[in-house]
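Residue numbers (the working numbering), protein chains in the order written: chain L, 1 to 207; chain Y, 1 to 276.
The hints are simulated quantities; they were obtained by calculation from the structure and are not laboratory data.
Glycine is no exception: its CB is placed at the ideal position from the N, C-alpha and C atoms.
Be aware that one or more of the hints could be misleading.
To be verified - Chain Y regions said to be covered by chain L (calculated; three or more residues, Cβ under 8 Å):
{"hint": "1", "segment": "12 to 25"}
{"hint": "2", "segment": "117 to 127"}
To be verified - Cβ pair distances, simulated, as ranges:
{"hint": "3", "chain 1": "Y", "residue 1": "Ser-136", "chain 2": "L", "residue 2": "Glu-92", "range": "31 to 37 Å"}
{"hint": "4", "chain 1": "L", "residue 1": "Arg-108", "chain 2": "Y", "residue 2": "Val-276", "range": "32 to 38 Å"}
{"hint": "5", "chain 1": "L", "residue 1": "Ala-23", "chain 2": "Y", "residue 2": "Glu-149", "range": "39 to 45 Å"}
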Amino acid sequence: MFDVAIINYEMGNLRSILSACEAVGLKATITDNPKIIKKSKSIILPGVGAFNQAIKNIKKKKLFRVILDFYYSKKPVIGICLGMQILFEESEENLNTKGFGIIKGAVREFNYRNKNNVINIGWRKIKVKKFKNTYLDILNNKKFYFIHKFICVPNDKNIILAHSNYLNKKFCAAVKYQNVEAYQFHPEKSGINGIKIYKNLKKKIMI
Amino acid sequence: MTNKNLRIIPRLDIKGQNLVKGIHLEGFRALGNVNDYIEKYYLEEADEILLNDVVASLYNRNTLFNLIKKITKKIFIPLIAGGGIKSLKDIEFLLSSGADRVFLNSSIIQNPRLLSDAVKYFGSSTIIVSIEAIKSKRKYFCLTNSGREETNLEVNSWIKQVEDMGASEIFLTSVDMDGTGRGFDIKLISQINNLISIPIIISGGYGKTTDIKKILKYKKISAISIGSALHYSSIKNFKYNFNKFDEGNYEFLKSQKKNKFNFTNIKKLRKILDNV
Numbered sequence: 001m002f003d004v005a006i007i008n009y010e011m012g013n014l015r016s017i018l019s020a021c022e023a024v025g026l027k028a029t030i031t032d033n034p035k036i037i038k039k040s041k042s043i044i045l046p047g048v049g050a051f052n053q054a055i056k057n058i059k060k061k062k063l064f065r066v067i068l069d070f071y072y073s074k075k076p077v078i079g080i081c082l083g084m085q086i087l088f089e090e091s092e093e094n095l096n097t098k099g100f101g102i103i104k105g106a107v108r109e110f111n112y113r114n115k116n117n118v119i120n121i122g123w124r125k126i127k128v129k130k131f132k133n134t135y136l137d138i139l140n141n142k143k144f145y146f147i148h149k150f151i152c153v154p155n156d157k158n159i160i161l162a163h164s165n166y167l168n169k170k171f172c173a174a175v176k177y178q179n180v181e182a183y184q185f186h187p188e189k190s191g192i193n194g195i196k197i198y199k200n201l202k203k204k205i206m207i
Numbered sequence: 001m002t003n004k005n006l007r008i009i010p011r012l013d014i015k016g017q018n019l020v021k022g023i024h025l026e027g028f029r030a031l032g033n034v035n036d037y038i039e040k041y042y043l044e045e046a047d048e049i050l051l052n053d054v055v056a057s058l059y060n061r062n063t064l065f066n067l068i069k070k071i072t073k074k075i076f077i078p079l080i081a082g083g084g085i086k087s088l089k090d091i092e093f094l095l096s097s098g099a100d101r102v103f104l105n106s107s108i109i110q111n112p113r114l115l116s117d118a119v120k121y122f123g124s125s126t127i128i129v130s131i132e133a134i135k136s137k138r139k140y141f142c143l144t145n146s147g148r149e150e151t152n153l154e155v156n157s158w159i160k161q162v163e164d165m166g167a168s169e170i171f172l173t174s175v176d177m178d179g180t181g182r183g184f185d186i187k188l189i190s191q192i193n194n195l196i197s198i199p200i201i202i203s204g205g206y207g208k209t210t211d212i213k214k215i216l217k218y219k220k221i222s223a224i225s226i227g228s229a230l231h232y233s234s235i236k237n238f239k240y241n242f243n244k245f246d247e248g249n250y251e252f253l254k255s256q257k258k259n260k261f262n263f264t265n266i267k268k269l270r271k272i273l274d275n276v
């Protein structure tokens with residue numbers, strides 16, 4: 001049995017997530033095997049790439065229901081970048097494809113006047129909502145690595161754990177909803193501070 | 001507004017297991033084991049690491065894959081890799097070895113379709129276009145194969161074309177300035193700054209702190225990629241076992257000669273950016 005099943009839908013750098021898990025002593029595997037996924041203590045939805053391709057690959061591998069059931073089982077579900085976005089209902093990136101709809105809301109373009117092609121690449125500070133009193137508090141004002149064109153806009157703003165800022169536009173950087181935690185940035189690419197997020201996952205699983 | 005958010009990206013030209021450095025992308029000197037340097041730059045909080053396999057076509061590719069697999073167990077920052085990528089399969093191997101983004105040059109000049117395919121399969125943010133620019137008769141032209149071959153493709157037109165095809169960023173090397181420490185190629189930068197809307201990583205020429213101040217007004221520059229100045233400042237941090245190396249030009253390392261670069265490191269560079 002694994003602590004973490006990193007869901008393999010062939011999008012993004014799965015190996016880095018595996019290395020980050022291993023660095024904090026989590027037993028992790030990259031898998032698309034429903035049996036292994038079901039037995040795991042937590043799952044990570046990774047991803048870099050297009051919204052519709054991710055959902056397409058998940059459905060092709062017959063993992064849509066498996067992931068949804070895992071969420072219903074109340075065990076931790078972690079979404080990273082595109083893996084965060086697909087938890088929402090839909091994305092402006094591909095309006096014909098529906099996401100998991102676990103989190104109510106949509107994924108939108110950065111949307112600047114007179115600016116196409118806005119892509120947020122680089123290290124940005126996150127502003128943690130103080131009153132939430134979560135493990136993220138110690139990461140307030142720390143920099144994390146972002147690389148994305150789209151941003152998540154949850155209907156319920158209360159689920160937002162942290163914001164970040166790019167070209168003076170505030171956007172949602174992390175959410176927590178029931179047993180789901182999701183990050184627009186890449187904790188596994190954010191150096192020591194990113195690794196703290198994996199340490200927190202470990203704490204949660206070990207209880 | 002100046003561009004204070006510039007990323008600092010050490011550029012590591014590699015040949016097998018060795019970090020190498022040339023001048024104008026030629027005459028590569030071996031500077032030691034690339035892993036040592038990568039770890040040092042990670043601990044100094046580089047924003048990303050860039051690996052450029054300068055002899056990809058001549059050597060066994062597996063060396064690079066294994067190197068990436070090994071190093072990404074220890075470093076948790078983004079890794080950009082490239083050099084000699086010829087196919088979607090090559091990209092897939094690099095990504096599955098642990099690279100986060102890749103850059104393409106020679107193969108997409110021959111076959112631009114590969115660029116649009118790569119963007120489609122791997123997502124725009126994963127795909128960077130590398131341009132090796134050289135000046136000739138007041139114009140800048142693209143070189144291929146790590147600066148070894150000339151083309152009659154002008155940088156000005158190519159850069160617009162690759163933007164349209166979906167590249168997320170440009171990795172622009174001034175071959176004229178590479179390894180010289182004489183400053184970034186301001187003429188080249190000012191020419192292309194207004195041509196495209198995607199960000200540019202500039203490489204080639206960094207020598208002293210004022211070089212950074214000179215490029216801050218160019219808004220399209222998202223990152224500075226630095227090789228020689230960082231590497232030559234790091235050499236003394238490592239012990240070398242020359243018996244272990246089987247090939248390469250080690251004369252410089254063995255001679256322990258001084259180099260012309262002022263001592264620097266990533267933290268120092270960051271301070272310059274924070275204080276402008």
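These are the hints, each one checked on the structure:
1. With 0 residues bearing a CB less than 8 Å from a CB of chain L, the segment 12 to 25 of chain Y misses the requirement of three and the coverage assertion fails.
2. With 5 residues having a beta carbon nearer than 8 Å to a beta carbon of chain L, the segment 117 to 127 of chain Y meets the requirement of three or more and the stated coverage holds.
3. Taking 31 to 37 Å as the suggested C-beta distance range, the pair Y:Ser-136 and L:Glu-92 does not conform, at roughly 44 Å.
4. L:Arg-108 and Y:Val-276 have their C-beta atoms about 33 Å apart, which keeps the hinted 32 to 38 Å range intact.
5. At about 42 Å, the beta-carbon gap between L:Ala-23 and Y:Glu-149 stays in the expected band of 39 to 45 Å.
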